[in-house]
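Asker: Sequences listed follow chains A and B, in order.
Going by the numbering used here, the residue at position 307 of the first sequence is 307; the numbering climbs one at a time, nothing skipped.
To convert, count from 1 in the second sequence and add 1000; that's the numbering used here.
The hints are simulated quantities; they were obtained by calculation from the structure and are not laboratory data.
Given the structure is predicted, the values throughout are model-derived calculations rather than measurements.
Cβ coordinates follow ideal geometry from the N, Cα and C atoms, glycine included.
Just to be clear, a hint being listed does not mean it is correct.
Stated by the list, open to error - Partial list, derived from the structure: chain B residues whose beta carbon lies under 8 Å from chain A: (1) Y1146; (2) H1149; (3) V1274; (4) P1275; (5) G1276; (6) P1277; (7) T1279; (8) H1287; (9) L1290; (10) R1291; (11) V1296; (12) L1297; (13) S1299.
Stated by the list, open to error - Taking CB as the label site, the calculated pair distances span: (14) A1050/B x G294/A: 51 to 57 Å; (15) H1149/B x E160/A: 31 to 37 Å; (16) R1254/B x A142/A: 32 to 38 Å; (17) R55/A x G1268/B: 57 to 63 Å; (18) A132/A x Q1292/B: 29 to 35 Å; (19) R1254/B x A132/A: 36 to 42 Å; (20) H1149/B x A132/A: 41 to 47 Å; (21) A183/A x A1142/B: 47 to 53 Å; (22) A183/A x Q1292/B: 32 to 38 Å; (23) R363/A x Q1292/B: 34 to 40 Å; (24) R75/A x Q1292/B: 53 to 59 Å; (25) R20/A x A1330/B: 47 to 53 Å.
These are the residues of each chain, in order.
Protein chains: 2
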Amino acid sequence: MTTERTAWLVLAALTTPGNRELGNLVRSTGPVQALDQMLHGEGISPHLAASVDVRLKPIGRTPAVADRIADDMLRGADRLEARIVTPADDEWPSALADLTAVGRGNDPLHLDTDPPLCLWLRGPLDLAEALAQSVSVVGARAMTTYGEHVTSEFAYGLAERGWTVVSGGSLGIDVTAHRGALAAGGSTVAVLACGIDRVYPAANAGVLEQIGGEGLLLTEWPPGTQPHRTSFLARNRIIAAATQGTAMIEAGSRSGARNTLGYTRRLGRPAMVVPGPITSMMSVGCHIELRQPGTVLVSSVEEIIEEIRRVGEPAVTTRAGQLREDVLDALQARILDAVKPHRATSAEQIAAAAAVSGRDARRTLPLLAELGLVVADPDGYRRTADRDR
Amino acid sequence: MTTERTAWLVLAALTTPGNRELGNLVRSTGPVQALDQMLHGEGISPHLAASVDVRLKPIGRTPAVADRIADDMLRGADRLEARIVTPADDEWPSALADLTAVGRGNDPLHLDTDPPLCLWLRGPLDLAEALAQSVSVVGARAMTTYGEHVTSEFAYGLAERGWTVVSGGSLGIDVTAHRGALAAGGSTVAVLACGIDRVYPAANAGVLEQIGGEGLLLTEWPPGTQPHRTSFLARNRIIAAATQGTAMIEAGSRSGARNTLGYTRRLGRPAMVVPGPITSMMSVGCHIELRQPGTVLVSSVEEIIEEIRRVGEPAVTTRAGQLREDVLDALQARILDAVKPHRATSAEQIAAAAAVSGRDARRTLPLLAELGLVVADPDGYRRTADRDR
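Isolated chain A (complex conformation):
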């Protein structure tokens, strides 16, 4: 029988990242049944069926095809000294599920924005732990000495205070952010727009190797994928969703960093921007963003941390009779939503339905039970019925 982990891997292999139709299917049926439907072309759109057909054609639609694809992926990962994590793994960062609430339309290609189905990793850090307290630092490839100075200071300062610095591994601000975090002996994660086996850009080969050795290289694209316009834009949604906020340092008016900032804003996370001289072309994009509602100016590491803490604060709840649900954070609320009302299901099933890690589900469900929102029974958890209250 196909495991959830295998199902996630094969679903990723059969589609292009971000597919919303598949995401909705998985959220309603779980990954194992979704894969079954995908392999049999049942209850999926012709578009999605065609995507499966194209990928299965070279290997044939045999009963064992799923295991074969998964085995190939896992062996490929081993060979590349990488690993693959899926929502069925403890290391999966639950925050990515927030992408389910983000619609299309932010980028010029109108990409689908669903969470990734699996992530290829290389590096010694636990992904979920590394991202638990993390900030994205993004910006222009063609940075100035001002941008370099500020980025180095910020990345070093954030890493020094225990924050993981996430960026895209590109030239300019990105690589300066990674370097700053490494220099502080801190954690850094590079989210790539290519396969884990590619070195792009070549000029960053040294630092990318160092990140793979001390931090984490991460991508949703399979080995062999060259970076292209689509993958850069798709990658940006992961940078925005993986962290608690994004700080943009230097950006021209058409910078891709503005795309990352747009995702951040749509995710309801702090979209932070460092200003610069209005005479600098490399701050034009920053100032355009700062004139938009929902963007906040930051001029220090302290202000970045303050913005993230402010958004993370639970809403003050003093009104009597207010529903206890209102005190839940986004993760807790999502897990509660995935608990079935009439039939108890296991923490793992709930995790899959909520698209969060099993670890997060196992941690959160006892708390929800304590709040009286779910009931634990021998088969797992179910929603508290009126008769239980």
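Since chain A is already given, all that's left is putting chain B on it; use the hints.
Answerer: Chain B alone, transformed into the frame defined by chain A:
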């Protein structure tokens, strides 16, 4: 009999600028009766009575004392090649009346913030006309070359497009703004914190003389007054209220320009700030302001003009049955408020009650009549009664 103009002059001479109690008295009784009460100590607080006593002691409380004070003021103005305008004069800028809606508390001295009662002017421009399309450009005394460059560009560009540049005549950003406007052959107004006969700061003697010859020097402080902390802060409220918006370029964390920006915000006018490098001490105050709600980043002359136009736009009114009052701008609404419901009063009386110039009242009242909000009759204007509708 004392004229309104004389009354305004003498009221100004008897008090310190910004006095809210006196302002409220004038708004309820008109300046002539307010002066009568002041001279007789009737219906005024002991504090205000003491202020009058101190000033009348040297000259005695004779029946003709008001005329004598006014004559002295006017002869003083002539001698200094200056003139004095009051709310009874066409040249009075009605926008200053918006200060009546601004409470204390923005500045460290908790000054009263009432509009000035008279203004000393030197220069060829008509004050109301000069301010009809105007922007304040303020900032640090200790500017950097960046601030100097931006200020020159902005002031030149604003003046070139027909906007009057208003500032405080100080060192640094202020004088650079005045110079930029003069260089473009445009209009500039320097609002001083000292008497019209003082040259402060001495280093600006040349440009202040040029402003007095081509633009306008303006102060509410009587001749002989040296600048002091109180007068700088009081002056800032006039800079903010006289113009349609304020742009701040470079400010340290404790800059007085932030005080001007605070008044601007409380007046509901565009509080615009130019960012700079976060590494510059002279942009720290700008970035603090940009992190506050109600402050907008500007990076070009076009953006300044756009912000002012946006705020000036009348609210869209499509809902049927909406009160016609809702389409009025602040000046029109203030004039309407000053029209008595049952008894017609002259445009001049309405102007005095509204603390706007006679010219503004005479221009606006026919429009209000056209909208059916007031009724013109031989004695002046009264509010439209239900029976008139």
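Asker: None of the hints should be skipped; say for each whether it holds.
Answerer: Hint check results:
A cut of 8 Å between beta carbons decides the hint on Y1146/B: the least distance to chain A is about 6 Å, and the hint holds. With a least beta-carbon distance of about 7 Å to chain A, the hint placing H1149/B at the interface is held under the 8 Å criterion. Among the interface hints, the one on V1274/B holds; its C-beta lies about 6 Å from the nearest C-beta in chain A, closer than the 8 Å criterion. The interface hint given for P1275/B is met, as the beta carbon of that residue sits about 3 Å from the closest beta carbon of chain A, less than 8 Å.
Taken as an interface hint, G1276/B checks out: its beta carbon lies about 6 Å from the nearest beta carbon of chain A, inside 8 Å. Annotation: P1277/B was flagged as interfacial toward chain A, and the flag holds, the nearest CB pair being 6 Å apart, inside 8 Å. Annotation: T1279/B was flagged as interfacial toward chain A, and the flag holds, the nearest CB pair being 7 Å apart, inside 8 Å. With 8 Å as the threshold, the beta carbon of H1287/B comes within range of chain A, its nearest partner Cβ sitting at about 5 Å, so the hint holds.
Hint status for L1290/B relative to chain A: holds, with the closest Cβ pair at about 5 Å, below 8 Å. At its closest, the beta carbon of R1291/B sits 5 Å from a beta carbon of chain A; the interface hint therefore holds under the 8 Å criterion. Given hint, V1296/B at the interface with chain A, holds; its Cβ is 7 Å from that chain's nearest Cβ, closer than 8 Å. Hint on L1297/B holds. Least Cβ distance to chain A is approximately 5 Å, under the 8 Å limit.
A hinted interface residue such as S1299/B counts as satisfied when its beta carbon comes closer than 8 Å to some beta carbon of chain A; here the least separation is about 4 Å, so the hint holds. A1050/B and G294/A have their C-beta atoms about 52 Å apart, which keeps the hinted 51 to 57 Å range intact. Restraint check, H1149/B to E160/A: a C-beta distance of roughly 35 Å satisfies the suggested window 31 to 37 Å. Judged by the Cβ atoms, the range 32 to 38 Å given for R1254/B and A142/A holds: they are separated by roughly 36 Å.
The supplied range of 57 to 63 Å is met by R55/A and G1268/B, whose beta-carbon atoms lie about 60 Å from each other. For A132/A and Q1292/B, the Cβ-Cβ distance of about 31 Å falls inside the hinted range of 29 to 35 Å, so the restraint holds. The hint said 36 to 42 Å for the Cβ distance between R1254/B and A132/A, and at roughly 39 Å that hint holds. Taken as a hint, the range 41 to 47 Å holds for the pair H1149/B and A132/A, whose Cβ atoms sit roughly 45 Å apart.
Taken as a hint, the range 47 to 53 Å is violated for the pair A183/A and A1142/B, whose Cβ atoms sit roughly 34 Å apart. Checking the proposed 32 to 38 Å range against A183/A and Q1292/B shows it holds: the Cβ atoms sit about 34 Å from each other. Separated by about 38 Å at the C-beta atoms, R363/A and Q1292/B satisfy the suggested range of 34 to 40 Å. For the pair R75/A and Q1292/B, the supplied restraint of 53 to 59 Å holds, since their beta-carbon distance comes to about 57 Å.
Checked against the hint of 47 to 53 Å, the pair R20/A and A1330/B passes, with Cβ atoms roughly 49 Å apart.
In summary, the structure is inconsistent with hint 21 from the numbered list given earlier, while agreeing with all the others.
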